[in-house]
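Student: Letter by letter, the chains look like this.
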Amino acid sequence: MKDISLHLMDIAQNSVSAGATLIQISFDCRDGFLIFRLTDNGRGMDEELLKTVTDPFTTTRTTREVGMGIPLLKLSAEITGGSFEIKSQKGEGTTTEARFVIDSIDRIPIGNVDETLKTLIMANPDINFEITFQSEKSSFKLKTEEIKKYLNGVPIDSFEVIEWIAENIRDGMKVVFGGVLNEISG
Amino acid sequence: MKSLAELEAIREKALKEMSLRDNTGKIRVVVGMATCGIAAGARPVMNAFVEELNKRNVQNVNVTMTGCIGACRLEPIAEVITPDGKKTTYVKLDPEKARRIVVEHLINGHPVKEYTIGEAE
Numbered sequence: 004m005k006d007i008s009l010h011l012m013d014i015a016q017n018s019v020s021a022g023a024t025l026i027q028i029s030f031d032c033r034d035g036f037l038i039f040r041l042t043d044n045g046r047g048m049d050e051e052l053l054k055t056v057t058d059p060f061t062t063t064r065t066t067r068e069v070g071m072g073i074p075l076l077k078l079s080a081e082i083t084g085g086s087f088e089i090k091s092q093k094g095e096g097t098t099t100e101a102r103f104v105i106d107s108i109d110r111i112p113i114g115n116v117d118e119t120l121k122t123l124i125m126a127n128p129d130i131n132f133e134i135t136f137q138s139e140k141s142s143f144k145l146k147t148e149e150i151k152k153y154l155n156g157v158p159i160d161s162f163e164v165i166e167w168i169a170e171n172i173r174d175g176m177k178v179v180f181g182g183v184l185n186e187i188s189g
Numbered sequence: 067m068k069s070l071a072e073l074e075a076i077r078e079k080a081l082k083e084m085s086l087r088d089n090t091g092k093i094r095v096v097v098g099m100a101t102c103g104i105a106a107g108a109r110p111v112m113n114a115f116v117e118e119l120n121k122r123n124v125q126n127v128n129v130t131m132t133g134c135i136g137a138c139r140l141e142p143i144a145e146v147i148t149p150d151g152k153k154t155t156y157v158k159l160d161p162e163k164a165r166r167i168v169v170e171h172l173i174n175g176h177p178v179k180e181y182t183i184g185e186a187e
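Taken in sequence, the protein lines are chains A and B.
The numbering of the first sequence is the numbering used here, which starts it at 4 and goes up by one.
The numbering of the second sequence is the numbering used here, which starts it at 67 and goes up by one.
Mixed in with the good hints there might be a few duds.
[What the hints assert, rightly or not] Distance condition first, Cα-Cα at most 30 Å in a straight line; then the derived BS3-like pairs of lysine-lysine: (1) 144/A - 68/B; (2) 177/A - 121/B; (3) 92/B - 153/B.
Calculated directly from the structure, the hints in this document are not laboratory data.
Sequences and hints are given; from them, build the entire structure.
Tutor: Dropping the structure here:
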């Protein structure tokens with residue numbers, strides 16, 4: 004995975020498969036860390052699965068016995084000197100958190116979070132997404148549930164609406180992370 | 067910053083156009099979006115499908131995503147499912163190929179044979 008937005012795509016896909024109706028995504032820059040957190044209200048995992056979930060030879064897939072998504076994210080975070088944590092409650096949902104050391108030479112860029120969100124919302128119009136960006140500079144929040152209310156029946160996956168959301172997210176990233184993450188100009 | 071006024075303009079325009087849409091007989095495009103697909107470049111492929119369809123104002127196609135389709139070495143993969151249930155599996159896609167599939171298959175009804183799984187295997 005070349006950047007964090009691709010990891011986001013991958014982890015969010017697990018939430019979709021788990022039947023989530025709400026997916027909360029946050030990126031938080033503080034104390035030298037970039038913290039990526041994804042919380043869903045999907046079916047969750049039991050303790051047994053949770054224990055083995057960072058093992059690449061664990062997967063829910065039936066066609067093959069390897070699952071690389073979570074182990075790759077764990078590696079991307081730990082290689083910077085950061086950490087990875089996954090918590091889950093059967094029937095309640097799952098929270099995945101990866102902490103990256105911002106200034107580590109091995110940290111992958113945050114990537115096109117707007118493009119990932121665009122794709123996720125478009126493909127899953129019935130799932131509500133909440134996205135939060137936070138830094139010492141500023142913060143940004145977008146909830147698709149509120150946008151849906153405002154749209155008054157116009158589908159959220161209409162092309163122009165999706166483009167509007169993506170641009171909003173792009174602007175939000177600039178305001179919050181510009182100059183904080185060196186891949187985003189201030 | 068994008069403003070709510072812009073969103074309102076989009077909403078009003080969409081409400082007017084919605085009555086013109088026909089939702090029956092939709093073609094489905096399903097893009098594999100598991101770890102294997104994403105790492106191989108499925109996200110830009112999916113975006114290319116959507117952007118090209120919008121550019122050409124095609125309304126009878128739904129683009130969606132799924133997990134691992136099972137042939138990771140051939141990713142990015144997309145399946146085109148027509149209303150009669152016929153399925154075409156395209157493999158090793160990129161945005162350029164996706165745009166060609168929109169024009170030749172989704173609009174004109176001729177599958178792009180050279181990108182199909184049968185040709186790649």
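Student: If a hint holds in the structure, say so; if it does not, say that too.
Tutor: Hint by hint, here is what the structure shows:
no.	hint	in the structure
1	144/A - 68/B	13 Å, holds
2	177/A - 121/B	28 Å, holds
3	92/B - 153/B	13 Å, holds
Violated hints for the displayed structure: none, as all numbered hints are satisfied.
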